[in-house]
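S.K.: Can you build the whole structure from these sequences, using the hints too?
Top to bottom, those sequences are chains A and B. Sequential numbering of the first sequence, starting at 38, is according to the working numbering. Sequential numbering of the second sequence, starting at 793, is according to the working numbering.
For the record, the hints were derived by calculation from the structure and aren't laboratory data. No experiment lies behind these values; they were computed from the predicted model shown. The hints are all genuine.
Dumping the calculated DSSO-like pairs for lysine-lysine here, alpha-carbon to alpha-carbon at most 30 Å:
#1 970/B - 45/A
#2 889/B - 244/A
#3 243/A - 797/B
#4 797/B - 131/A
#5 45/A - 966/B
#6 970/B - 889/B
#7 45/A - 889/B
Covered stretches of chain A (chain B as the covering partner; in silico rule of three or more C-beta atoms under 8 Å from a C-beta of chain B):
#8 60-70
#9 119-131
#10 136-145
#11 150-161
#12 257-267
Just so it is clear, CB atoms sit at the ideal spot from N, CA and C, and this is done for glycine as well.
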Amino acid sequence: MNKTYNQKAWFFVVPVFVLVAFNAVVPLMTVVNYSFQETFGSNVFAWEGTRWFKQILHSERFHASLGRQFIFTFIILLIQLPLGIGIALTMPKKGWGVPVCLILMSMPLLIPWNVVGAMWNIFALPDIGFLGNSLNSLGFDYNFTQQSGDAWFTTILMDVWHWTSLVVLLSYAGLNSIQPAYYQAAEIDGASRWDIFRYIELPKMKKVLTLAILLRFMDSFMIYTEPFVLTGGGPGNATNFLSLDLVKMALGQFDLGPAAAMSLIYFLIVLLICWVFYSLMMKNEGRT
Amino acid sequence: MKKIKWVVPTFYIIFLMLPIYWLLNMSFKSTTEIINVYSLWPQDFTLDNYRTIFTDSTWYMGYVNSIMYTVFNTILSVSAALPAAYAFSRYKFLGDKHLFFWLLTNRMAPPAVFALPFFQFYSSVNLFDTHIAIALSHCLFNIPLAVWILEGFMSAVPKELDETAYVDGYSFPKFFFKIFIPTIAAGIGITMFFCFMFSWVELLLAKTLTATIAKPIAAIMTRTSSTSGYELGLLAAAGSLTIIPGAVVIYFVRNYIAKGFAMGRV
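M.R.: In structure tokens, the structure reads:
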């Protein structure tokens, strides 16, 4: 759409700007402030320069939780995207099945995150949970509170349960926006099912899939509440993701300086990845 | 082929429903039964857990608090985002692209980063432990999302609609409220759904910003489970009840989800 230049449009943006700036600027500056100082309690601060940043960037603990975070997010995207697209492709397109599917599939999205964690905790407990009990009676030695492999399995399964529906909803919307004429043309050309998917459905879903990837990347990279309730980061440090580690450092040990430095590094990583991904997608958009 | 197609969504839905069923199952058992007997349905059906929640004001006020700040945040986010999204979809202005990206970066900020500064900030402006504080803090991630979604819907509306209205002698406010808003009603529905959803499920900020008066139900659950020796039955009942508001909201927007999604950017 051709937009017209109009500086008065700023007036429309002011409420949003004020509300978000109120929340973003002061707290963010507080974090920046802490990250360069040492605190001795009761508002006594000393300038520390970049010491905390160096300390965090060289700390084994940060490397470990960052590594865990990347592996987790990678696995999540690898499972949820194909699964979500697959389910969206097989969902009914009309009739009573549509609202039933949509309502039931949206359910996990609207459950408070700590309830999701608590629910999966109860569900997966080796003795009284359905999942744990079934796996154990099938002969698997399953205990997510003690074995790190099982803890990972449970956390990933929980996230798949929780968020795959978002990918499904978005892909389904993308699929619905394809006009029937495309399918008719494909039929005349004798295209196979795979061809239809590869050359019609996938390009048409590009926009919604970009959004899905961005949202899933951001949210799985920031995951806190669910693993906090489910495993508490354990056993040991097995599922101690970045957010969990950060909150432990800031509120548990009250190491404000290092925690603030870590916050900023964390935020910059998310920002950088999103920016690179977003500009790559937009660049392709311009070419085709 | 047609019949095989049903298998995938059906299995997926069964997988989604299993943990929810397990939670419901637990909520109708007493805590002693949960710990001692493993059964697929309640052997000794009881409503005691629910009775406790509905008679104890510390419990049921949690639901009231959660619903209050969620509704307040949804109204605030959508009404602030409406004019902004209109500006982004119709006009070019100084710094528009940067502003849009800056808004989105706030959606990317991990809440864990902001938890402690938020606590200090809202304490210093005397808003700590109020519903307004949570509603305002949730604007951080809901407003960018609302602007993003609404902008998609508004861009799909041809600009000729605006111009025709002006030719017909409509003033801007009259056009905006009488013509434009009804046109994108589906988009507003979807946006409200997303704002409600993200505000309802968020816990970290809501928990950090409250002590007693405005404490959300989700935070009350974590407190009770740790102090009174893990009341599993009660926890399950409280958890089950948190599903209801979400289910109600989905029921109302069910027609918009499919239609609205297809129309807009989301």
